[in-house]
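Trainee: Sequence:
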Amino acid sequence: MTTVIAVARPPRVLSLLSAATEIVCRLGCAHLLVGRSHGCDDPPFVTALPVVTAPRVDPNAASHELDQAVRAQAVSGGPIYHIRSELVCELRPDVIITQDQCRICAVTAADVAAACGDGSPTTAMITIKPTTLD
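The numbers in the working numbering rise by one with no breaks, and the one at position 86 of the sequence shown is 86.
What the hints contain is simulated information worked out from the structure, not anything from laboratory work.
Where hints are given, some of them may not hold.
Just the calculated beta-carbon pair ranges, DEER-fashion [said to hold, decoys possible]: (1) Pro44 with Ile126: 34 to 40 Å; (2) Asp134 with Cys102: 18 to 24 Å; (3) Leu87 with Asp42: 19 to 25 Å; (4) Pro10 with Pro59: 29 to 35 Å; (5) Phe45 with Arg9: 34 to 40 Å.
Calculated pairs, SDA-like style, for lysine to any residue (alpha carbon to alpha carbon, straight line, at most 25 Å) [to be verified]: (6) Lys129 with Ala61; (7) Lys129 with Asp42; (8) Lys129 with Asp100.
Heads up, the beta-carbon is just placed ideally off N, CA and C, and yes, glycines get one too.
Full structure from sequences and hints, please.
Mentor: Structure, rendered in structure tokens:
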């Protein structure tokens with residue numbers, strides 16, 4: 001009699017937060033990444049991954065113009081970032097890493113939900129929510 005052991009495939013990770021991308025890589029799990037945000041650029045090899053986000057304002061504008069554009073976008077209630085939902089679906093992530101500290105600094109879980117709907121029922125959302133420096 002032959003025993004077959006099923007081995008789950010490694011999770012497909014989509015990181016929408018630069019710091020999380022760096023942590024995943026430093027933990028030796030870079031091979032799990034299938035996509036990234038426009039801001040994820042370290043370590044440099046992650047720049048080869050598909051980019052699923054883009055700012056809705058010009059990040060290269062003069063600081064006062066950037067501030068005005070971000071404030072106007074925030075007042076309108078719309079997200080600061082565009083999420084390429086079709087690409088997210090194509091990448092089939094098992095895990096999406098995002099944050100809820102600042103809706104201006106990076107994509108939030110609410111942004112992902114709004115852009116991608118409920119997504120796949122098997123996709124886990126990991127939301128980094130720092131509350132203290134201790």
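Trainee: A separate judgement is required for each hint: does it hold in the structure or not?
Mentor: Status of the hints after comparison with the structure:
{"no.": "1", "hint": "Pro44 with Ile126: 34 to 40 Å", "result": "24 Å, violated"}
{"no.": "2", "hint": "Asp134 with Cys102: 18 to 24 Å", "result": "20 Å, holds"}
{"no.": "3", "hint": "Leu87 with Asp42: 19 to 25 Å", "result": "21 Å, holds"}
{"no.": "4", "hint": "Pro10 with Pro59: 29 to 35 Å", "result": "33 Å, holds"}
{"no.": "5", "hint": "Phe45 with Arg9: 34 to 40 Å", "result": "22 Å, violated"}
{"no.": "6", "hint": "Lys129 with Ala61", "result": "29 Å, violated"}
{"no.": "7", "hint": "Lys129 with Asp42", "result": "21 Å, holds"}
{"no.": "8", "hint": "Lys129 with Asp100", "result": "6 Å, holds"}
Checked against the numbered hints above, the structure violates hints 1, 5, 6; every other hint is satisfied.
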